Structures are given as C-alpha cells and as structure tokens.
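Heads up: the sequence lines are chains A and B, in that order. Numbering-wise, this note's numbering puts 73 at position 73 of the first sequence, and it's gapless, one number per residue. Numbering-wise, this note's numbering puts 107 at position 107 of the second sequence, and it's gapless, one number per residue.
Hint data in this document are derived by calculation from the structure and do not stem from the laboratory. As the structure is a prediction and not an experimental result, all values here were calculated from the model. It cannot be assumed that every hint is accurate.
[Claimed, not checked] Using C-beta positions, here's what the derived DEER-type ranges look like:
1. W50/B to E203/A: 28 to 38 Å
2. G103/B to A33/A: 47 to 57 Å
3. P130/A to T81/B: 53 to 63 Å
4. Q40/A to E89/B: 20 to 30 Å
5. V30/B to L39/A: 30 to 40 Å
6. L73/B to L39/A: 27 to 37 Å
7. S76/B to D22/A: 44 to 54 Å
8. K28/B to L39/A: 33 to 43 Å
9. P216/A to Q77/B: 36 to 46 Å
10. A136/A to T81/B: 42 to 52 Å
11. M36/A to D35/B: 35 to 45 Å
[As the list claims (entries may be wrong)] List of simulated lysine-lysine pairs, DSSO-like, C-alpha gap at most 30 Å:
12. K42/B to K32/B
13. K32/B to K4/A
14. K23/B to K47/B
15. K42/B to K92/A
16. K167/A to K110/B
17. K162/A to K42/B
18. K47/B to K179/A
19. K195/A to K211/A
20. K211/A to K42/B
21. K105/B to K195/A
22. K58/B to K44/A
23. K110/B to K4/A
24. K162/A to K190/A
25. K92/A to K14/B
26. K44/A to K51/B
27. K190/A to K14/B
28. K28/B to K51/B
29. K92/A to K105/B
30. K92/A to K47/B
31. K82/B to K92/A
32. K92/A to K23/B
Backbone N, C-alpha and C fix where the C-beta goes; we use that ideal spot for every residue, glycine too.
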Amino acid sequence: MTPKIADIRLVASHPEVYEPCDDSFALVDALLADRMNLLQLEPKMCLEIGCGSGYVITSLALILEQDTNSSVHCFATDINPDAVEVTSATLKAHGVHAEVMNMDIASALEDRLSGLVDVVVVNPPYVPTPEDEVGAGGIVAAWAGGEDGRSVIDRILPVADKLLSEKGWLYMLTLAANKPSELCGLMRKKGYASKIIVQRSTEEESLHVIKFWRDPDSEVQIKKTMANRGSPTSIFSRLSRLSFSGHGNANSK
Amino acid sequence: MRLLTHNMLSSNIKGVTDGFPLKIEAGKVVEKEVDMNTDFLKNIFTKIEWKPFVEAAKTLGYSELPEDVDPSLLDSQDFLTKFHHALLEIHLEEGALVCPETGRKFPVSKGIPNMLLHEDEV
Ligand SMILES: C[S@@+](CC[C@H](N)C(=O)[O-])C[C@H]1O[C@@H](n2cnc3c(N)ncnc32)[C@H](O)[C@@H]1O
Numbered sequence: 001m002t003p004k005i006a007d008i009r010l011v012a013s014h015p016e017v018y019e020p021c022d023d024s025f026a027l028v029d030a031l032l033a034d035r036m037n038l039l040q041l042e043p044k045m046c047l048e049i050g051c052g053s054g055y056v057i058t059s060l061a062l063i064l065e066q067d068t069n070s071s072v073h074c075f076a077t078d079i080n081p082d083a084v085e086v087t088s089a090t091l092k093a094h095g096v097h098a099e100v101m102n103m104d105i106a107s108a109l110e111d112r113l114s115g116l117v118d119v120v121v122v123n124p125p126y127v128p129t130p131e132d133e134v135g136a137g138g139i140v141a142a143w144a145g146g147e148d149g150r151s152v153i154d155r156i157l158p159v160a161d162k163l164l165s166e167k168g169w170l171y172m173l174t175l176a177a178n179k180p181s182e183l184c185g186l187m188r189k190k191g192y193a194s195k196i197i198v199q200r201s202t203e204e205e206s207l208h209v210i211k212f213w214r215d216p217d218s219e220v221q222i223k224k225t226m227a228n229r230g231s232p233t234s235i236f237s238r239l240s241r242l243s244f245s246g247h248g249n250a251n252s253k
Numbered sequence: 001m002r003l004l005t006h007n008m009l010s011s012n013i014k015g016v017t018d019g020f021p022l023k024i025e026a027g028k029v030v031e032k033e034v035d036m037n038t039d040f041l042k043n044i045f046t047k048i049e050w051k052p053f054v055e056a057a058k059t060l061g062y063s064e065l066p067e068d069v070d071p072s073l074l075d076s077q078d079f080l081t082k083f084h085h086a087l088l089e090i091h092l093e094e095g096a097l098v099c100p101e102t103g104r105k106f107p108v109s110k111g112i113p114n115m116l117l118h119e120d121e122v
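Produce the entire structure from the sequences given, and follow the hints as far as they go.
Structure follows, in structure tokens:
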C-alpha cells in the first residue's frame, strides 16, 4: 500500500496564503522517507509551526493515522489569520483533525506543552529579505526571513527545543543561504544531533530538510572534537560543502 | 477547539505572570465523535491540569467529570469514556478565551483561537 499524503486537489487556497510548493513537497517527502521511524516513535503529540495551506500537517496526520494502534494529537499554528482557516479547510477535506491556532510561533503553547511534543515540523519563512519585511503579515510573512533568511528560524529553534519531549524530533526545511551548518552547530550546543534527510536542488534554490534529535553524546562529542582539533563530524563537512553549492537566486521564492 | 487544547494554552501577554488557565466564554459548542484510544488517554492523563479541565468542561455544559482524580481511575471504563468525551469530542466553535490576569479576550472563531498579541502586549 502506498502511504497516503494530502491530495493537492483537496488543498484549500486563498490569495494571502502560501500554496504548496517545492519546499512543502520536500518536507512531506522527508516525512515519507522517515515514515517507518515515525511510526515506531509512536508520537502522541505533534506540532507544525507555520502551517500555511495545511498541506504538511494534513500529510503528517494521514501518515500517522495508518498505524491503527496508536493515536496522535496534532497541533498547527500560523501567524496569518487566513492561513489557519485554510489549514482547517484542508484538514476537513481529508477527514483528519488537527487543532489549528492563530499565534506567533507557539507563544501561547510554550508553557504548558513544554517537553510534551514528539514531532515538530517547520517550513519557515526562509528567504533572505530586508529585516523590515519580516512579520509584515499576509503572504509576505510566508517567505520574508530577514538577514540570511534566519530571523524567524532563529526564534523557532529555542522554542522547538523547549517543546520537544525527550524522544522528540524536529524536521526543519532550510535553504542553503540559511547556513544550515551553522544551524546544526547551534542545535548541537543544545544537545541535538542532526542529519539531512532530503536534499533538493533546483535552478533557483537548494533546499534541505534537516532532522534534529536529542543525543546525549552530542555535547560531549563537540567538546572532544574541539579538544582534538580533529576533523569535524560528517554532518558539518557535508553541510558546509552544501551551503556553498547552491546559493543561486535566494529571492526567487 | 478541543478542551485538550484549552488545557495547553495560556495567555502570554507581557507582564502576565500566571496566564493559565484561560477562562472560557462559550458561544457555540459542538460535539464530534472520535474513536477512543485508551493508550492515548492514559498517556495524556498525567499531563492534564485537572481542576481547570473540569471547570472548562462545565462551562461548555458537561458536568460528568469527577472533581478529584487519581491514576487508579484509569482502570475504570466509565471514567475513560467520560474523560475521552470531554477531552476530545467537545469543541468550542465560537466564543472567547479570557486572560485570567488582565481580562483580555482572545476570540475563538470557526473553532480557531486567535492568540495573536497586539504590539503593546509583547
Ligand atoms: C514557507 S510557508 C510554509 C507553509 C506550509 N507549511 C507549507 O509547507 O506549504 C511559511 C509559513 O509560516 C508562517 N509564519 C511566518 N512567520 C510566522 C511566525 N512568526 N509564527 C507562525 N507562523 C509564521 C507564514 O504565515 C507561512 O504560512
């Protein structure tokens, strides 16, 4: 049986809401590629930050639904009031449920959901833009990422760290211009290991989906690596190569 | 919006020290049946703040939940059925969530809470 994901024909739309695009497809491909692991993880609570059209959270809900033994509760947030309504409609059209909320990142959930979320997925606004476009609202908020496209990403990472359970995973889509190697480094300091699970290069952009998970050895290892001045671990070298490989036209999104 | 979600939301307006639990102003309440999953309920039980949960359920017109609970109740089918119903099947469609400290209202429309803060609240 081919695993079910959201049907693009059933995805609702609105002029001010980001339509599923290469980045959305890459993120869902990553979830599909990691599907067996996801089912084994038996997540109880999942969260998408920046759900837009709802294509990703609907796909995640459908993927997890196929494991009939477990039951999962999905949350989805977006800062755009039109996006949360569109996500709601997309979920309904597929007969799955997620709790959709209008908020900045996960601000109203951070306290109570801390340490409870097993899977966080994010396709953030990642395009490098002038800083004043960030948070401008509407469709602009879908891509405007400020310097290096990192303004919103850098605010999301500590939130994801706070929300993730001990066994929790974060799937984050990034553009080469976001300096993914630096992101992995930042997360490594918080005790996370990381791995690129999908890489997609088009003429315009080079996209990666990075998976992060808590790894007790991670902090230790970085200290060792620095102490030995040995070669950095593979992800670092791979990523720094990748981040030079396709910066293309980052504003093309 | 399910009561599970209500139990996970708080008001994070600048200066508010205890934004949980949000009070509920109920407009339209709907019920949607979902399959019961005992494992899920047992897992989530320990994460629910019980008193606010019972209060919220009452506000939405459901008063079958016991005021006090302990984990031994999880062996009772009757309790699980009620817990499941209140947690996942009752939805606030229209209404508002109210910050317990400031009284600021967060509207809920089409089942979606709007927790966005104004510029002077962040
Ligand atoms: C690149 S789009 C991705 C949409 C959808 N998840 C997809 O993959 O097709 C980024 C989304 O993040 C939302 N967003 C931007 N800044 C946000 C913030 N601070 N908090 C929550 N959502 C935000 C945008 O409104 C937009 O819907």
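Against the structure, test the hints numbered earlier, and report the numbers of the ones violated in rising order. 1, 11, 16, 18, 21, 25
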